[in-house]
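Just so you know, the sequences run in chain order A and E. Reminder that position 74 of the first sequence reads as 74 in the numbering used here, one-by-one numbering, no gaps. Heads up: take any position in the second sequence, counting from 1, add 634, and you land on the numbering used here.
Errors might be hidden in some of the hints.
Here are a few chain A residues that face chain E, going by a calculated C-beta distance under 10 angstroms [as the list claims (entries may be wrong)]: (1) R46; (2) Q115; (3) T122; (4) E154; (5) V193; (6) R431; (7) A559; (8) E563; (9) E567.
Simulated from the structure, these hints should not be mistaken for laboratory data. No residue lacks a Cβ here, since even glycine has one placed at the ideal position from N, Cα and C.
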Amino acid sequence: MEIDYKTLGLKVGLEIHQQLDTSAKLFCNCKPELFKEEPEITFLRRLRPTQSELGQIDPAAYFEFQKGTKILYEANRTTSCLVEMDEEPPHPLNMEAVEIALTAALMMKAKPIDQIHIMRKTVIDGSNTTGFQRTCVIALKGQIKVGEKTIPIEHISLEEDAARKTGEDENNIIRYRIDRLGIPLIEIATAPVINSPKEAGEAALAIGTILRATGKVKRGLGTIRQDINISIPNGALIEIKGLQELELLPLVVEYEVQRQLNLIKISEELKKNRAKETEIKEEFFDVTNIFKQTKCKVIRKALDKNQQVLAVKLPRFKGFLKRELMPNFRLGTEIADRARFWGKVGGIFHTDEMPAYGITAEEVEQLKKNLNAEENDAIVFVADTLENAKDALKAVVARAREAIKGVPEETRAPNPEGTTSYMRPRPGAARMYPETDIPPTQITEEYIKKIRQFLPELPEQKFERLIKEYKLNQKLARQILDSEYSELFETIVKEISVSPTTVAAFLTETLKALRRDGIEADKVSDNQIREIFKSVGNGELMKEAVQDVFIWLSKHEDATLKEAITELGLTTISEDEVKTIVEKVITENKGLIQERRENSFGVLMGIIMKSSRGKINPALASKILKERLEELLK
Amino acid sequence: MSEEFSGYKGEALKAIKKAEAEIGDIIRITNNSEAYEGILIPRSEYGDERHIILKLKSGYNIGVRITSSTKIEKIGKGAKPTFKPPPLVKQIAELPKVAIISTGGTIASRVDYRTGAVRPALTASDLYSVVPELATIAQIDAQILFSLFSENITPKHWTQIAEFVAKQITDDVEGVVIAHGTDTLGYTAAALSFALQNLPVPVILVGSQRSADRPSSDAATNLIGAVTAAAKAPFAEVALAMHETPSDTAIAIHRGTKVRKCHTSRRDTFKSINTTPIARIQDQKITMLTEDYKKRDSKRKLALKPAFDEKVALIKFYPGMNPTIINWHIENGYKGIILEGTGLGHVSKYCFDAIKNAVNSNIIVAMTSQCIWGRINMNVYDSGRDLLALGVIPLEDILPETATVKLMWIFGQTNDIAEVKKLLKTNIASEFSQRTFSEET
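Just chain E, same shape as in the assembly (with noise of 0.2 angstroms):
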């Protein structure tokens, strides 16, 4: 029922419930001797119980407040808004082929002006007519896995996610799109960078900053590169394309294990961390910026490692952390720690003996910065010294939620610690840089 009054409880919805009155039908409502008639809006979830949305007929909505002497009339019926879907526009056979695969957020939408829903638009002729480029560009196979806010996105969806991807990938695509919200869009990519190996083709993960339903929204743009690097780019590897600068002029393509989101709310928001960009798009050209990255194979044989497991932790440590968040992690099962140190790689003394119990516990602890530029280097002060002859092994110029993600796959693939130490220290997929350069920041 509370559907139905989306939004509505307590005292308004009872008054409406009374008036048999449903969204989109238009009520007059009656405060003493001032009435106000319009169509009933549902609440969003700031609802609180007293105030009743109408839209009136200039198009305003406002909230009428609901008292013991109120009266609600239905005076209307609502008439259901009707989609008329432009012409469904003609693929083009001899484009290349792409899939979309949708998690959540809406890369692209449509607004009721009636009740101000804003309702996603996710089918392949949805994206081409919101989006009309894309039929330029590319032959578009769009598909919905999950519909979630990336902040309810787990290890077990990264899982889901790898193997949708890896059935896409038949012989004919030339690349997959995944749309994803963008709080822990930099964390998909780093697991997918890790799954899917050995790639035929490029897999880019693209998200907005500005939802869809608004004209400056950068969904579109950003759709438009990540299809034209997925049809076109000459790399294979697992990357992420979103807004270069605030200007819609240029889409930056990040490696998979090395972005981040750096900004809460700005279309640049992600950013290359301790590298460059691998590629930058431009009115649908496509210009790398590296020369090392793997190259598109059609024929090379993906392989798939979709496994993850979520006894790991990123513990990131401040002045004062109490030592026992350590030790309860080892009491809890705990596989794996990483650790977001200071500067260089460093955490407090005082939490020395907590270390060392967890690396007796056969637990792998493992040092990042928490600086979020440059690379550790736990040599040049005794805390590091010490740290490291406790155990922690330090992690170079990786990510902190990359390392996180690394360790949680490595486990997925192997519990042999021997091979685990092994594995964290190799390069798998780029998360580690061998140089840093100035201009890298």
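Next up, chain A with everything else stripped away, as it sits in the complex (with noise of 0.2 angstroms):
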């Protein structure tokens, strides 16, 4: 069934973050890349949870701390020094990140502000090793057109991207990785006003095409990310944090929208039913005794390890925990990412889908029995150790006493199919205070004017050109334009005598088949692609090869075009080769070409292409062998 967006009253605004491609950090001089080798230099951390004025601690954040939650930070020397370590106070902000931002915040018309002051944004689950994230607002309102429709841009930021999440030990230490730490961010936040998952795509393609036409942000994955807020009358205000597939955007807002639909739903038939909050218990049992022969792998190994097996009853709860949320994405889903993310336990179980996983109908009918359960209550069970259990199934009657509510404001971090998953409560109101560390910067009329005067071009008007100038169509124009490739694209046209559509549609629709089959395009660099357009404009790569090429680059990162050529037995002859072999069956042929003058360039061709077995490029063979016969018959 189609759903209405707009009658149901939907409400997106969405947060796009993008990596700048600027020489240094954001406030510091180390290289904003990433490191793929073992850290050289590692050390560990507690954050405490600072107290405001008003008494407001971030709750997750003071549960981790309480578990005595310690973060390894790993580091090498190019893309990290003390500033990522927090054992040295930032450096000015780079001036070059700002130019980029305040680039991209004048082509979306937004106004610049006079003085830019920055902010520390409290974050304590480890991804800052400060605790906080620096940020700086350098715009406000401007707005962004998705096809008749304004969308205002509430505010264009800059900030450091934060430290990435590279495991989780035993023992309650998350490991993270600083180089990451301090890239510059661009920040655009969109005022809530997207009213359906295909605008909301629009939206956010329309602002990435913006970026990419400053020419100075990172692409590739990981590059951009983006935050979704998402609200529906009588449902919550939910934040889906770290998308970042573009194409998925559509897909994770419909299924958000699915999601708080069928948990209002619920809400409503749980109701009716007659479930209360307030008979939802903290009430665990020690059901151990009922699997100490039990034939389920999972609860087994827990038993080996002397861990316990804890049941809590969800009174009144039976059928629910299986109803589809999402695709694939239960009730029961979702109570069980609440027991991972606060007991840290591997999953539960529960009786909406019991018997199952080797547990039989008699441990559950036990169950039953030793819980008191009535016909139609379900009861929620999971083996680890008794803390952990404990905190699980605290969580277990957190969230079912919240379906009877309704739909639980949360964070949520998308799935690849589309799907979300809880992540983390809301934290509260921003809680922001000044960097007092570095002073503020002002951006004076004369600095915006200058940057004004090298605005690049709006896409629309690159839009017109690429058609203009390069012969697209309008489609292909489009694609490129929304591509990643757009500057790429321009390079290899404006350097190499290659047909424009050819590598228009290469680098968006073949690039795109290439992705949904696998093929991991990003790891062929800009310079590959060029060198493989140049070996196409040179004749020594045929155009119907170039696919071929491409797909065996991905495969090998560090291996050269001519290796490829090679390997894939794709070498050509040469233009000297090929004007010998021209030579030579003219010399063989003269009695032909003297009784069929014009008309013997069809069998000499066939006979050249016959001599090479097909390694000769049939475009500059025929361009030699059509000058040869012309100057022979003048």
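Each of the two chains sits in its own frame; use the hints to bring them together as a complex.
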């Protein structure tokens, strides 16, 4: 069934984060790049929730702190210095980044602010060594056009990217790599006026196109991340954080609407069934004994480690846990995510899915008996250490109570299929305070005037130019403009005599198809792509072979184009050799040429192509043969 | 008045006053066609006269330029921030009592996210609420002595701190912790080492390199380490507790006379020089790293000697140094000069006349090394031997800063030159090490 999102009252706001392509990080002189090798430096920290005058503390952060969570940071010397380690105060704001951000801001018709003040936004999950993210507003009140609709841009900010999580060890140690920390990010926040999944996709695309038009943003997976705020009436404001694939955006919005509608329906039905929040009690039963002889591998493994099985009753919940909220995502999944987050357990079992996983009907019966469960109750149980199991079931109880109420406000993370999972509770009001280690930066009118003078062409102007200058059709021009490759496209067609349509089609349609087939297109560098087309241009590589070469290169990361051509047996015969062959064929067929004059061309071409067994570039051969024939027959 | 508009001056202040707005009020600033609404925020010291800071609804601060056509309207009264302190932690009567004395710097603080102000949290209940672990280590009595940046602490303050500490050391206090800014923390540690002799319990100085308002601050970990040492350590000396490495894993306890701030910003800035730290604290467990320490003994009677004489100078020799610098000290009534010489303890021979003058004027001239690590030896080269002949007193492996503090303290005790010389060479608070080992760098 098609949903009329506008009537439904869907409101979506986007926050697009894009890494800038600067030569140094935002607050120090380290290289803004990532490293793959083993870290050269590690250090261990704890972050402590600080208190605000309002007595607020971030509940998730406080919980982590109480659990004694420690963070092991990883670094190397190319990408981090004492600044990222929070062992040295930040250096002054990187003005290259400010200029790029202002350029993008002006392209979105935003008003630059007069004086930049850096703020500290408290974040204590470990992703920032300081415990806060440095961020500043650069401009306010811009706008973009999506079709006929104007979408206001509320603010454009500049901030430091966070460290990236590389793992979670036992003993409550989370690992973060600080190479990404401090890479400049521009944040574009739209007003929550987007009314449909499709429009959300279009708005993100429009913003992305403007950012790329600056020519100073990074490319590739992970360099652009989107936060999506979604709400519907009677639902809740849900923040989905860190979506990397733009193509997924409409689907993510669609699924989130589905999830909220289903949760609202479940809540109504639970109420009708007279389920009550107060009836769901934090009463946990030790049911380890029931599973002493179990065939369930997960429970067996836990019991072998001397862990417990704890169970809790959810009165009047029978059947609800298996209700689907999104494709392959049930209320049970949602509850399990909570248990995983707060209890650090591997997962939960519930009676709506029983018997399964080697748990027998008898064991389930016993369970019901032990918990005094009635026919329409559900039971959730979990096997882990007593502490984890308790924390997990507490989270289960809290989430089940919320299911009666409706949709809980939370921050969610996207899954590869477009669904989302619980990430953390929504942090309270933004806890920001000034970064006193960096003086404010004046943005003078002269400075803005200078940037305005050199503003890159707007996407719409470029669109027109692509059509006029390169004779691309409208569709291809739009595709290349919306892709990450519009600059590369122009570089290639300017320096190489090769059909712009061929290049554009390859960079858009072909690459899209290859990506769909699982080819890691980002592994092939811009330079390699340029070389490929250079070889096409000078006849060393046939147009038809470009795709094969590209695929081969994507699978052999450090290999050269030459190696690709050799390995794939695509070596073509050089121009000189072609000339020799043509000459030879002409000499051997003098009689034929005299007889049939220009009409001998087809026969001769056939002989030439046959003699080289396909390794000759037909265009080149045909050009040389034509020239020679014309000379001879003059 | 200017305090109400903290940080604002000139045109910006005039405009704010005209609108009758106060810090925390919601105001609207209109510049030509642009209007900005937000909370009026105080300015920091960087403040210029032409920008007003607003906190927008989004939480961000921006600076708005004031021109002759700018209009400011007050559109809402600022709500005063209310702090609901967390419930008081119960003191556990069985735990040892520790006195915490604050001299400045903030070992614990709260942030007012409305205005961005950072307020120190200094009472015992504040400390407990910010660093709840403390309640499981000791019963705390917290007091504020001064609120000074450590660069503003002088020998007069050392005297006051020493006297105040002596007052805290009553029968049932198991240890004293002193919170202090890190810049001159090493000097104060040395000063107290001489002023508080015959200690029955440990006196632990503590600071932080990252301000307490940030979640990554080292303040809490250092404070926990310091309170642990004060409550439970087996030694009774003046020591300093700070991070051992950039990790939050271990706290090193350094002897007060042998410790120096060695890095401008790192957490592990303090290093024991020419010796190892006396102890390490990890997970609230104390490991002694030396057997050579004064044992805790509650019956021992403290000897308080809090006087210091500021007429002592620390002079660093450098190529081209003008010897009249030394002469100036002679003319201005200085009683002692600690030279920070090069290498094994040298200064150029063009300074010899001035040094001779000083010695002849009954000024104590003693030698230390600017190398930071190692022991001086003035017998190896001619310069050293000549300086000894002039009457310069060689001071072994003492830190130049500690030597300066010690000489100030000696002149606080006596003006008898023979006695001064004797005390200067006597190892009073482990300021000299007899032997130095290869790992002690």
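Structure-based check of all given hints:
1. For A/R46, the suggested interface contact is upheld, since its CB lies about 5 angstroms from the closest CB of chain E, less than 10 angstroms.
2. The restraint placing A/Q115 at the interface with chain E holds, with a minimum CB-CB distance near 3 angstroms, inside the 10 angstroms limit.
3. Satisfaction of the interface hint for A/T122 is found here, the shortest Cβ-Cβ separation to chain E being roughly 7 angstroms, below the 10 angstroms cut-off.
4. Hint status for A/E154: holds, given a least beta-carbon distance of 7 angstroms to chain E, under 10 angstroms.
5. For the restraint placing A/V193 at the interface with chain E, the shortest Cβ-Cβ distance is roughly 16 angstroms, beyond the 10 angstroms limit, so the hint is violated.
6. Using the Cβ-Cβ criterion of 10 angstroms, the hint placing A/R431 at the interface with chain E is satisfied: the shortest such distance is roughly 5 angstroms.
7. Because the closest C-beta pair between A/A559 and chain E is about 40 angstroms apart, greater than 10 angstroms, the hint is violated.
8. For A/E563, the suggested interface contact is broken, since its CB lies about 44 angstroms from the closest CB of chain E, more than 10 angstroms.
9. Hint on A/E567 is violated. Least Cβ distance to chain E is approximately 48 angstroms, over the 10 angstroms limit.
Violated hints, listed in ascending order, are 5, 7, 8, 9; each of the other numbered hints is respected by the structure.
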